[in-house]
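Residues in the sequence shown are numbered consecutively from 245, following the working numbering.
The reader is advised that the hints may include incorrect statements.
The calculated label-pair distances, taken between Cβ atoms and stated as ranges, are [to be verified]: (1) L401 with V316: 17 to 27 Å; (2) L351 with P320: 30 to 40 Å; (3) L411 with W324: 13 to 23 Å; (4) V334 with V296: 34 to 44 Å; (5) R456 with V334: 26 to 36 Å.
Treat the hints as calculated values from the structure; they're not laboratory data.
Note that the Cβ used here is the ideal one computed from N, Cα and C, for glycine as well.
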Amino acid sequence: MSASSPVPSFSARSNPADFLQGLALIGRATGLIFRTPRLLALSLLCGLVTLVALGGLFALLWVYAPDLLGMVWTRPEPWWGRVLWGLVFVLLFLVLFVVGASVVVPLVLAPLQDPLSELTEERCGHYSSPPFRLGAFFRGLVLGVSHTLARIFFLLLGLAVLLPLHLVPGVGSIAWAVLGTIWTMLWLAGEHLAAPMTRHQYPFDQVRRVLRQRWPLCLGFGAGVYVLLWVPLLNNFFLPVAVVGGTLLYRGLLAVGNVPPPPDGK
């Protein structure tokens, strides 16, 4: 790997430093965006759309999340019960906001994800973006949206499996929020690692294999994307950073042999 290459250097096998290396991909991706004018221009456009989408999502959850919690746990009368209920509401709101952002924003920004990933791979070297063709663009858009919807199904399925925890008053809801957060972090890593791998025609089984083999690395990256959602101003750029970071994660794993050469030969 040349000194100027943005491709991260990973070990060939999982090790204790993997989580921190995955977390560091957020800074690496952000730096690459600001050093690349075309990436920055696309990111600013994504940021504007994201700002509108996240604002609408926040308002929607603020209105309806209390009723959602009230369906499984009626607000208690004692003051200590109201305090605990409020804490659970905050945790539920945070998890639902991250899940909602992870679902809504990728869908509305689907047409811009592949160009962001392709530009990132160009900066990594040994790759050239294919010429624009309208038919290929729409085929890629349909494929990308369908794969995103499939991955969203697995995200919601995992959260639904944990849903019975809410039947345990107070503690169960907290456990659901904690486990749901960890599941969402890992899913975020898989979502943004799968994007460049889908573009190169890898089967989704290969994505799942990478998540199993290098889960601390992927969890660290997913945690970075998750935290980014709560940083004011930067959260408007969470998807561009996540797309660029996921592409760097893919290229780093490809470089050490954890991912085989792309089926499309590109």
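Structure versus earlier hints, numbers of those that do not hold, lowest first: Checked against the structure, the only hint that fails is number 4, while the rest are satisfied.
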